[in-house]
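**Student:** Construct all of the structure, not just a fragment, from the sequences and the given hints.
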Amino acid sequence: MSLSLDPEQLDRYSRHIIMDEVGPEGQQALLDAAVLVIGAGGLGAPVIQYLAAAGVGTLGVADDDEVELSNLQRQIIHGNDDVGRPKVESAADFVADLNPDVDVRTHEVRVEPDNVEGLVADYDFVVDATDNFRTRYLVNDACTLSGTPFSHGAIYKFEGQVTTFTTEGPCYRCLFPEAPPEGMVADCASTGVLGVLPGTIGNIQATETVKYLLCEGGGLDAAELLDGRMVFYDAMAMSFEEVEFRQNPDCPVCGDDPIDSLAQVEYAEESCPVNAD
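Per full-length UniProt numbering: the sequence shown = residues 1 to 277.
No wet-lab data here; the hints were simulated from the structure.
Remember, it's a predicted structure, so these values are computed and weren't measured experimentally.
A hint or two may mislead.
With beta-carbon atoms standing in for the labels, derived distance ranges [unchecked claim]:
| # | residue 1 | residue 2 | range |
| --- | --- | --- | --- |
| 1 | Pro7 | Asp256 | 20 to 28 Å |
| 2 | Asp114 | Leu10 | 23 to 31 Å |
| 3 | Met230 | Pro181 | 18 to 26 Å |
| 4 | Pro249 | Asp114 | 27 to 35 Å |
| 5 | Gly84 | Arg105 | 21 to 29 Å |
| 6 | Ala263 | Leu5 | 13 to 21 Å |
| 7 | Leu69 | Ala222 | 41 to 49 Å |
Positions of the beta carbon are idealized from the N, C-alpha and C atoms, including for glycine.
**Tutor:** The following block contains the structure:
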């Protein structure tokens with residue numbers, strides 16, 4: 001790794017650089033990294049904000065939605081003037097104003113089986129900040145089959161969950177083999193969500209992302225990721241609980257006899273079964 005931090009960067013990232021666990025090498029690793037954030041809404045907003053501030057050099061943002069007024073209660077990178085604009089454009093402008101070191105790649109697309117592998121292939125780490133089971137399974141399967149680590153987060157009313165998946169541990173299907181039946185889990189549009197909740201979960205996802213990048217390229221060796229552990233947060237009780245889970249040898253995506261193609265999965269709206277045949 002060649003260090004090429006200029007005087008302005010030495011000042012901007014000084015609170016990183018003076019840390020023994022990060023230093024100039026760690027900051028350079030962040031600047032050299034590429035992270036894809038899928039979803040620029042409640043969870044994606046704080047992830048994008050903090051990864052940009054930390055100096056992650058390339059940020060991909062994938063989302064096909066436009067900013068709505070009701071988003072502004074929690075999606076903190078968008079403002080009044082952004083209502084009606086594509087979220088990826090609003091996110092890119094926010095990042096450009098926050099940190100010119102960051103190159104934002106906008107992907108104004110709905111993540112689908114025919115494009116997800118191409119999206120994931122260009123990045124070192126993926127953040128799943130989506131709000132539906134279909135895309136979560138799609139991201140899991142694409143990342144697991146390609147060996148790309150990723151963070152998962154989800155929120156509901158006052159509660160949230162977050163975990164990290166690397167190439168050495170279980171995948172999302174080990175924990176949730178299939179999506180729940182349609183209508184069993186309501187979405188934010190019908191049940192609501194505490195506005196500050198996605199900030200807590202999204203910031204944990206951003207933290208896990210930065211830790212991973214520092215471990216891989218910056219020499220950080222003491223960080224423990226949420227690999228094989230899921231954290232559940234209850235804002236009403238202000239409590240955190242942790243549940244450990246293991247790789248399922250029968251998992252059709254990461255187990256002993258995994259599938260080799262997304263074509264073997266039926267990505268319906270609320271159920272994503274694997275056809276191992």
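**Student:** Please list, smallest to largest, the hint numbers that this structure does not respect.
**Tutor:** Structure breaks hints 1, 2, 6.
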